[in-house]
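K.L.:
Residue-level listing of the chains:
Protein chains: 2
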Amino acid sequence: MQEVISLAHGNGGKLTQELIRDIFLPRFNNPFLAPLADSAIFKIDRKKLAFTTDSYVIKPLFFSGGDIGKLAISGTVNDLAVMGAKPIFISCGLIIEEGFPLSTLKKIIFSMEKTARKAKVCVITGDTKVVEKGSADGIFINTSGIGIIPPGINLGLEYVKIGDCIVISGTVGDHSVAILSEREELGFKESVRSDCNPLYSLVEKLKPYWEGIKFMRDPTRGGLAGVLNEVVRGQKFSIELWEESIPLREETVAISELLGMDPLYLANEGKIIFFIKPERAEHILQVLHSHPLGKKASIIGRVVSQPLGKVYLKTSVGTKRVLDMFIEDQLPRIC
Amino acid sequence: MQEVISLAHGNGGKLTQELIRDIFLPRFNNPFLAPLADSAIFKIDRKKLAFTTDSYVIKPLFFSGGDIGKLAISGTVNDLAVMGAKPIFISCGLIIEEGFPLSTLKKIIFSMEKTARKAKVCVITGDTKVVEKGSADGIFINTSGIGIIPPGINLGLEYVKIGDCIVISGTVGDHSVAILSEREELGFKESVRSDCNPLYSLVEKLKPYWEGIKFMRDPTRGGLAGVLNEVVRGQKFSIELWEESIPLREETVAISELLGMDPLYLANEGKIIFFIKPERAEHILQVLHSHPLGKKASIIGRVVSQPLGKVYLKTSVGTKRVLDMFIEDQLPRIC
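Chains A and B are the protein sequences, given in the same order.
Going by my numbering, the first sequence opens with residue 193, and the numbers climb by one from there.
Going by my numbering, the second sequence opens with residue 193, and the numbers climb by one from there.
Treat the hints loosely; a few may be bogus.
Since the list gives no way to pick one copy over another, a pair counts as held whenever it fits inside one copy or between any two copies.
[What the hints assert, rightly or not] Subject to a maximum C-alpha distance of 30 Å in a straight line, what follows is the list of computed DSS-like cross-link-like pairs (lysine-lysine):
no., residue 1, residue 2
1, 428, 399
2, 298, 310
3, 487, 469
4, 312, 512
5, 306, 240
6, 239, 512
Derived from the structure by calculation, the hints contain no laboratory data.
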């Protein structure tokens with residue numbers, strides 16, 4: 193292990209996993225944390241609750257399709273939603289750099305409130321810290337969230353079987369490409385908007401089909417390929433993705449190519465990966481298509497038995513290649 | 193209102209209150225947030241839960257009596273404890289500057305775990321973000337906490353009556369003085385240790401007397417005088433403090449004097465202010481004295497009727513002076 197923290201320790205890839213395995217898990221060793229899911233699950237009386245936290249350090253603060261405020265609500269809502277939890281309460285911890293414009297703070301808080309209302313969550317507790325000029329970069333936001341898992345939804349990798357379908361709720365890579373387009377040093381402004389959005393309404397709409405859903409994840413840092421790699425690690429199955437079925441915007445592909453990046457590894461902030469019983473896949477796809485945030489949903493692959501614990505891509509020309517876990521951070525401060 | 197954020201917006205004083213009143217409350221307008229207590233209270237079935245969040249940006253990271261890890265657990269545990277909530281679950285959101293030593297991170301996580309064990313809480317969910325060198329100052333930690341309010345404890349300013357006793361669980365100002373002593377530019381190293389400690393065990397020990405406790409607060413930013421000012425604002429009572437009864441360490445007084453600061457306004461991280469029925473005050477004091485964290489507990493004042501909404505100090509020479517809410521931040525990054 194390196195002796196200092198590098199940007200790659202925060203990108204959700206191999207070094208992040210090392211940090212969790214070598215530093216956090218040996219200390220915070222408890223059955224709630226151990227599954228390393230998007231939220232921790234616990235019970236209060238008979239109610240199943242989910243609890244999650246995320247800090248947002250995105251740069252720039254405002255981008256096509258969103259801003260740090262919208263992201264801070266959406267990201268935490270989505271970490272609850274993929275556990276099947278209906279998000280209810282959010283906390284808001286601000287760290288602000290001295291000299292930050294109050295008007296910008298107002299815009300961000302306005303955006304948080306608008307997104308919270310859309311997601312039907314309440315921001316019920318908060319904290320503000322100010323640090324000297326130069327000790328932070330503008331504003332960082334932490335949101336933690338509490339959700340209630342309704343009866344009828346039972347998710348877990350232990351339910352996943354060979355033959356299950358992998359469904360994505362829409363196009364991949366748009367969030368990262370939107371952020372890169374905004375970063376001035378890259379010099380172009382294409383028309384890709386971030387997909388940043390709260391997604392519980394999508395999960396809720398699938399209620400009649402919950403028994404067909406085995407597992408969900410939101411492919412944020414690490415993107416579709418990175419997050420699926422986390423999922424299959426140590427499992428007795430693999431995932432086969434079909435290149436031709438993965439929904440991609442033309443502009444996203446074009447900009448990714450210019451940058452030498454693979455959109456399958458780029459972060460999303462408004463997408464869900466579903467693991468679904470094959471006999472329910474078509475129904476679920478129809479329901480997703482009827483929701484504004486699921487119009488481009490697609491069955492993109494399936495759970496296979498060989499090789500174990502890998503994600504691989506069947507290309508349009510019929511070849512297969514392994515999509516490995518990435519190491520280097522291509523995109524610091526993407527969320 | 194100023195046009196940019198100043199350090200004073202983060203000190204818990206007048207500008208912090210303005211920020212909350214003018215920017216946060218108009219947006220995040222809901223009955224859970226509105227009381228602006230240390231935690232928000234809500235119900236799941238019949239259980240009353242408390243939820244709170246705090247970010248820690250303290251400088252230096254290690255100080256006499258604690259470190260940012262111990263503080264991040266203690267501070268959030270105490271925000272739950274003063275609502276009468278038994279802290280159970282904590283989240284941990286890290287923002288780390290690129291280049292931060294892994295060995296220092298390990299020490300901090302070790303300290304968090306040690307404090308969590310002492311406080312009987314589990315860290316069940318976490319997140320790590322890394323920002324470029326120069327975009328943060330070492331490490332910032334957000335912890336959010338969930339606690340359960342047991343039956344038999346009913347707290348609220350609405351229960352406070354004229355004549356109630358004000359009790360503090362120990363000496364005041366030690367945390368700030370410990371931090372100032374560590375900041376090298378001040379050039380002295382006195383022997384004051386921060387009081388940083390998780391306090392629920394103190395509240396739990398008072399269980400037989402819970403019906404006598406009306407209200408609790410932990411006097412962090414703003415200190416005893418600042419926090420009591422927040423409490424009395426808009427209330428139909430005032431608070432009279434007795435200078436001679438307020439427990440103070442000699443060294444804390446000496447260093448405060450050198451710096452031209454008033455220890456009554458200095459932050460504490462291991463103290464509770466209690467509002468108590470007069471007929472229960474002596475019993476409660478005895479129980480506090482029997483706990484290692486309450487040995488120097490003292491009855492330091494009472495709730496009075498005049499003048500309304502003020503905190504005043506009866507000095508040892510018999511005069512009275514108003515302890516007003518402070519404006520300027522004497523001590524940035526004290527927690």
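K.L.:
Determine for every hint whether it applies to the structure shown.
P.N.:
Structure-based check of each hint:
1. 428 with 399: The answer is within: 29 Å in one copy meets 30 Å, while 51 Å across copies does not.
2. 298 with 310: Classified as within; 18 Å inside a copy, 40 Å across copies.
3. 487 with 469: within (20 Å within a copy, 62 Å between copies)
4. 312 with 512: neither (43 Å within a copy, 50 Å between copies)
5. 306 with 240: both (27 Å within a copy, 28 Å between copies)
6. 239 with 512: neither (45 Å within a copy, 53 Å between copies)
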